[in-house]
Amino acid sequence: MTESDRMRRRTRLFMIGAIAVAGIAFAVIAASGINNNLVYYWTPSDLYANGKKAYGANVRLGGMVAKNSIQKLGGSAVAFDVHDGKAKVHVQTSTVPPQMFRENIGVVVEGTMVQGGNGAYFKSSRLMVSHSNEYKAPEQGHPVDRKELERMMKSVEQGNS
Amino acid sequence: MIASLGRILILASLLASAAGALIGFYAGRTRSAEGLQWARRFAYFYALLIIGATMLMVYALLAHDFSVSYVAQVGSRAIPTWVTIVSLWSSLEGSILFWGFVLGAYIAAATFFTRGQYAEYQPDAIGVWLACAAFFSFLIAGPANPFLTVPNPPLDGPGPNPLLQNHILMAIHPPFLYLGYVGMTIPFGFACAALIKGRLGHGILKPLRESLMLPWIFLSLAIMLGGWWAYEVLGWGGYWAWDPVENASLLPWLTATAALHSIMVVERRGILKGWTITLVQASFLLVLLGTFMTRSGVFNSVHSFTQSAIGPTILGFLGVSLVFSVALLAFRIDKLESEGNIEGAASREAMFLVNNLLFVLLTFTVLIGTVFPLVVEAVNGKQMSVGRPYFDSMVVPIGAALLFILGVGPALPWGRASREQVKKALLPPIAGAVLFAALGYVANIRNGWTLLTLAFGGYAAYVTFAQMFLPMLQRMKRGDGAGTAFVDAQLVRGRRRFASYLVHGAVVICVIAIAVSSTMRQTTELHFTKGQTQQASGHAVTFLGIEERQEPHRLSTIARFSVAREGKEVAVLEPRMNQYQMMREPIGSPDVHTTAGGDYYIALSNIDTAAQTVSITVFASPLVVWIWISVVFMGLSALFGLVPSRRRAAVAVREAMPDATPETA
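Residue numbers (our numbering), protein chains in the order written: chain A, 1 to 161; chain B, 1001 to 1665.
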């Protein structure tokens, strides 16, 4: 083995080592980046099932706007209840509700649970209403179609911010 | 009648492509000239059949023949003709048929333009192309058949997804995306052929580079058009949200861009051969991954249609292609002999390598963020997504580093350079960096990343401009007139080099426009009663009233606003709610006033016709229009660089002796 061969080999080993270190560093940074920025798609039942985790986590909460629950809070803010047939969450949102917003319509609100003066509520900065063509609001008393809600929560065009 | 004829054409195209693929691989193995001839004939035959089938579908759509299942699904008598044509790709089955159409056109063109050349590689390349074609014909014949017969045809259909009818850009974005996506099949075929032969000689580099450049141009434009469409239609004031569907189009673009750069290193130094092939293969595989993500319903969006069996089928094809590519690489990569080494850290080729590593890093960043939720859902059924901050925090630094390399790389000479040379090359452009950053500071930009982007952009702009006209200046030093020097050194001989620096210039403009427009955007939410005037972002906005307009396929409720600056009206904006016939809910459509300095954008959030009140969101974003302009310019420049030179002979000599040449970028 000549001197230059040995040199070349050492350079190559050094290169591979450097790339491995950089790769691991990248993987660690990316993993923590993903971990800190996860957005969970939950229904009200999921939200309660996750307990304390719901406070501070980024959540897209999907469900139906409960009947007779919409209150105007002054400015553009609105408060209402979102339910999935089993559980109900009180939501306050600061944005102007979109055109189609009304009772008994599927909505997705993005935000997190907070502890307020009159108990815990879901504080949201974004409110999306189902655009879906096929979506039919379930009649009163019927459970919410979970599949349809999931589709809606994943719907990316409405998910833009 | 049309339906059965369509099914026959599709079946015939499946047979033609499958047979042609087998003949191609056989001819590659036996080096049979006659086999090659037959493979070429089958390639043309396949193209003819699939293009014929698509034309038949267009005819059925225009004739409103609702006995064809696809027409019954997306056709409507109420929609304008352009929407009828667009509906060819507005739903799953039609979009796969359109894919076949584009693939047929590409295969025919590639077979035609490589006739009589590259005989060593061509049979295997045709084999790979037709194998891919066979898969898509199988999809069309089986799980995504648009030519089923409807026993009791309806009198009218529902029309395509209203979101697709809402803007003319939707007629342009998908074809460009398909031209970009499908086109990646051609370089993939060349790359596989090179691996099968175990040789990546200079002969194959030209078709590999050119067949990669063309879809790259289309893909660049498609990504921009997609962003532009989102901006003009979706009403949230932005153009990029790191949606899975957007990422799906970006991923192959990133690897293809890296490959276009590494091919140049192969040309010049004969190194990075296996790496280049890997990037080309990765681009094709990412296209398949993107197709799977957008076409299988794993992400719900305007891009994904109803859930169907097509997802697993595409995933299977992706798996087969991945195994095929990796196996080829594993068995053949050591045959691709490296002809040299990277000699110094401060050299052009080292910067190419850094550029490539950064692009790959970017690809992984976006890929992980996009695929992670899918993996989690597959493992434990939990639903989530990766939020925007992840992408922003990862991509911005890597993007800034890439912009830095875009400045430093072209300034450095090939091979080993002395310390003095390096200093002389790298110090003067700092003037550009200081100038751009200072301009930004004066324009009130305080965001650190944006200022850094401006500085790197200024550095790159200086280098790009200086390099761009170097050949012309050299000619003028030798006594040529400016006119002849420009035509000869820039437009004729140095066309490819000139074009690549034009592309770099456009990239600098684009990146600066993205950085400034996204960090300097102002958002104001306003509530109006009729006649009221309010201030937002330096403009006075007056609500003039509500107007209803009935069109054949929709009812528009329009809110009219007068936008004035310093007492003078600059625009009347008409954001609207469109109610489509076959849809329950209206769709909002914003309106934008565009100037070179920035956009003034009004989106409706609520409209009350009875009370004559509206709620709107106003977005004022600087420089947005330069994103669209720069990408169009980038595409045109790259296309200009592709125009074949009349001096073929001179080029051939240059390619044979890569080191003895004047500099090519």
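Certain hints may be false.
Straight-line Cα separation of at most 30 Å, BS3-like style, residue types lysine-lysine; simulated pairs [what the hints assert, rightly or not]:
1) B:Lys-1382 x B:Lys-1206
2) A:Lys-86 x A:Lys-123
3) B:Lys-1382 x A:Lys-53
4) A:Lys-86 x A:Lys-67
5) B:Lys-1423 x A:Lys-86
6) A:Lys-123 x B:Lys-1477
7) A:Lys-123 x A:Lys-67
8) A:Lys-52 x A:Lys-72
9) A:Lys-53 x A:Lys-88
10) A:Lys-123 x A:Lys-53
11) A:Lys-88 x A:Lys-123
12) B:Lys-1206 x A:Lys-67
13) B:Lys-1477 x B:Lys-1423
14) B:Lys-1335 x A:Lys-88
15) B:Lys-1382 x A:Lys-52
16) A:Lys-123 x A:Lys-52
17) A:Lys-72 x B:Lys-1568
18) A:Lys-67 x A:Lys-88
19) B:Lys-1530 x B:Lys-1477
20) A:Lys-52 x A:Lys-88
Derived from the structure by calculation, the hints contain no laboratory data. Note that the coordinates shown come from a computational prediction; the quantities given were computed from them, not determined experimentally.
Comparing the hints with the structure gives:
no.: 1; hint: B:Lys-1382 x B:Lys-1206; result: violated (48 Å)
no.: 2; hint: A:Lys-86 x A:Lys-123; result: holds (20 Å)
no.: 3; hint: B:Lys-1382 x A:Lys-53; result: holds (15 Å)
no.: 4; hint: A:Lys-86 x A:Lys-67; result: holds (15 Å)
no.: 5; hint: B:Lys-1423 x A:Lys-86; result: violated (71 Å)
no.: 6; hint: A:Lys-123 x B:Lys-1477; result: violated (69 Å)
no.: 7; hint: A:Lys-123 x A:Lys-67; result: holds (20 Å)
no.: 8; hint: A:Lys-52 x A:Lys-72; result: holds (28 Å)
no.: 9; hint: A:Lys-53 x A:Lys-88; result: holds (17 Å)
no.: 10; hint: A:Lys-123 x A:Lys-53; result: holds (15 Å)
no.: 11; hint: A:Lys-88 x A:Lys-123; result: holds (14 Å)
no.: 12; hint: B:Lys-1206 x A:Lys-67; result: violated (67 Å)
no.: 13; hint: B:Lys-1477 x B:Lys-1423; result: holds (24 Å)
no.: 14; hint: B:Lys-1335 x A:Lys-88; result: violated (65 Å)
no.: 15; hint: B:Lys-1382 x A:Lys-52; result: holds (17 Å)
no.: 16; hint: A:Lys-123 x A:Lys-52; result: holds (15 Å)
no.: 17; hint: A:Lys-72 x B:Lys-1568; result: violated (37 Å)
no.: 18; hint: A:Lys-67 x A:Lys-88; result: holds (12 Å)
no.: 19; hint: B:Lys-1530 x B:Lys-1477; result: violated (68 Å)
no.: 20; hint: A:Lys-52 x A:Lys-88; result: holds (17 Å)
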